[in-house]
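Chemist: Chain A is fixed; fit chains B and C onto it per the hints.
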Amino acid sequence: MPHLYVEYSANLAEFPERQLLTELNAAVCGHPTVVDPLDVKSRIAAVQQFAIGTTPGLNGFVHAHLHLLSGRTPEVKKELSDRIAEVLRRLTPQPAGMLVQLSVDVVDMDRGSYYKGRL
Amino acid sequence: MPHLYVEYSANLAEFPERQLLTELNAAVCGHPTVVDPLDVKSRIAAVQQFAIGTTPGLNGFVHAHLHLLSGRTPEVKKELSDRIAEVLRRLTPQPAGMLVQLSVDVVDMDRGSYYKGRL
Amino acid sequence: MPHLYVEYSANLAEFPERQLLTELNAAVCGHPTVVDPLDVKSRIAAVQQFAIGTTPGLNGFVHAHLHLLSGRTPEVKKELSDRIAEVLRRLTPQPAGMLVQLSVDVVDMDRGSYYKGRL
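Protein chains in written order, with the working numbering: chain A, 177 to 295; chain B, 177 to 295; chain C, 177 to 295.
Next comes chain A alone, as it looks inside the complex (with noise of 0.2 Å):
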């Protein structure tokens, strides 16, 4: 069931996205709490237009959030990010002079309603 997204600011050239889509599945489905690896879904994406703060200044973010069926402890939780903000900061590439901010959100999906099928 997890979700993964991973946005990138568009002034972060060369960034090296299938690498890192794989470490993070590796990284995801390594946790004790995962059973089946095809239920992690990744996906990844530049974001050409963004702005950060109110000051001109060479600055760039990557901002994952990871979607999971309610129900996880926040230990499991706090892992899971855990996890991948450790393969972020190892492959985010940083540009000579510029601050480029991490962050990673888990967020809970209502167990009730959430529909899972296969074709």
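Incorrect hints may appear among the rest.
Where chains are identical, the list cannot tell them apart; a pair therefore holds if satisfied intra-copy or between any two copies.
Claimed, not checked - Restricting the straight-line Cα-Cα distance to at most 25 Å, the calculated cross-link-like pairs of lysine to any residue (SDA-like) are:
1. 253 with 199
2. 253 with 224
3. 253 with 206
4. 292 with 214
5. 292 with 229
6. 253 with 198
7. 292 with 233
8. 253 with 207
9. 253 with 213
10. 253 with 265
11. 254 with 202
12. 292 with 275
13. 254 with 207
14. 254 with 232
15. 254 with 241
16. 292 with 207
Quick caveat, the hints were computed from the structure, so don't treat them as lab data.
Source: prediction; values computed, not measured.
Modeler: Coordinates of chains B and C only, in the frame set by chain A:
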């Protein structure tokens, strides 16, 4: 107020985007809790860069998320999820040999801070 | 920490993307609860494929969602929503004969599992 988003993996060629939006809006607007059809705003987009699981394979997905003002009952949320799922199952193409995962997430929006206006 | 997203229907031609982001960031950063302006990261994108309601008509929308770490009071969330709405009302173009819906959703992010870092 309902905001509906549909994302599908770009390997689902010839996805019937317009038809899906039309039928999803009809399905959601047909629910007795939706008073004004114009409230239902739906979007669809292909996801170009994605990863499913950790091993190579022919996999695809369609994921919908419906955002509603808080206060709907669990039953109403499940019914809306079911209506959306029915349309996804019916209209999603299935390329030969591909495992296509379908999912629907219903999300509460905070009624107290929600703003709604018209120009 | 605030993450702000703005989506607008692509039939709103000549949408002032840069100006909107600049003014939204100023509005959000001007709120006393926002300490570091660099925390405010905003994005904007046109939605190419959308459907509003169930009948043909000249309809458009602009939808913003602001994601904040959990713990802000309902009053603060309403104030931030109002600030964003004011900018949307002022800067959204209104093509002749089009009904343009505006909306703002304020979303809590789980503070316990949120990760924030910098490169």
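Chemist: Look at each hint and say if it fits the structure.
Modeler: So, going through the hints one by one against the coordinates:
1. Taking the shortest Cα distances, residue 253 and residue 199 sit within 25 Å of each other inside one copy (18 Å), while across copies they are farther apart (34 Å).
2. Taking identical chains as interchangeable, the C-alpha atoms of residue 253 and residue 224 are never at most 25 Å apart, the minima being 30 Å within one chain and 27 Å between chains.
3. Proximity of residue 253 to residue 206 under the C-alpha cut-off of 25 Å is restricted to the intra-copy arrangement: shortest distance 14 Å within a copy versus 32 Å between copies.
4. Taking the shortest Cα distances, residue 292 and residue 214 sit within 25 Å of each other inside one copy (13 Å), while across copies they are farther apart (28 Å).
5. For a Cα distance limit of 25 Å, the shortest separation of residue 292 from residue 229 across copies, 16 Å, qualifies, whereas the shortest one inside one copy, 39 Å, does not.
6. In this assembly of identical chains, the alpha carbons of residue 253 and residue 198 lie at most 25 Å apart only when taken from the same copy (20 Å versus 34 Å across copies).
7. For the identical chains of this complex, residue 292 and residue 233 are inter-copy neighbours only, at 20 Å across copies versus 44 Å inside a copy, given an alpha-carbon limit of 25 Å.
8. In this assembly of identical chains, the alpha carbons of residue 253 and residue 207 lie at most 25 Å apart only when taken from the same copy (11 Å versus 30 Å across copies).
9. For the homomeric pair residue 253 and residue 213, the shortest alpha-carbon distance inside one copy (17 Å) is at most 25 Å, but the shortest distance between copies (27 Å) is not.
10. Taking the closest pair of Cα atoms, residue 253 and residue 265 come within 25 Å of each other only inside a single copy of the chain (18 Å); across copies the shortest separation is 31 Å, beyond that limit.
11. Taking identical chains as interchangeable, the C-alpha atoms of residue 254 and residue 202 lie at most 25 Å apart only when both belong to the same chain, with a minimum of 17 Å there against 32 Å between chains.
12. Taking CA atoms no more than 25 Å apart as the test, residue 292 paired with residue 275 passes between copies only; the shortest distance there is 13 Å, against 40 Å inside one copy.
13. Taking the shortest alpha-carbon separations for residue 254 and residue 207, only the intra-copy value of 12 Å comes in at or below 25 Å, while the best inter-copy value is 29 Å.
14. Proximity of residue 254 and residue 232 under a CA criterion of 25 Å is satisfied in neither setting, with 33 Å inside one chain copy and 28 Å between copies.
15. Proximity of residue 254 and residue 241 under a CA criterion of 25 Å is satisfied in both settings, with 12 Å inside one chain copy and 24 Å between copies.
16. Taking the shortest alpha-carbon separations for residue 292 and residue 207, both the intra-copy value of 21 Å and the inter-copy value of 21 Å come in at or below 25 Å.
When each numbered hint is compared with the structure, violations occur for hints 2, 14.
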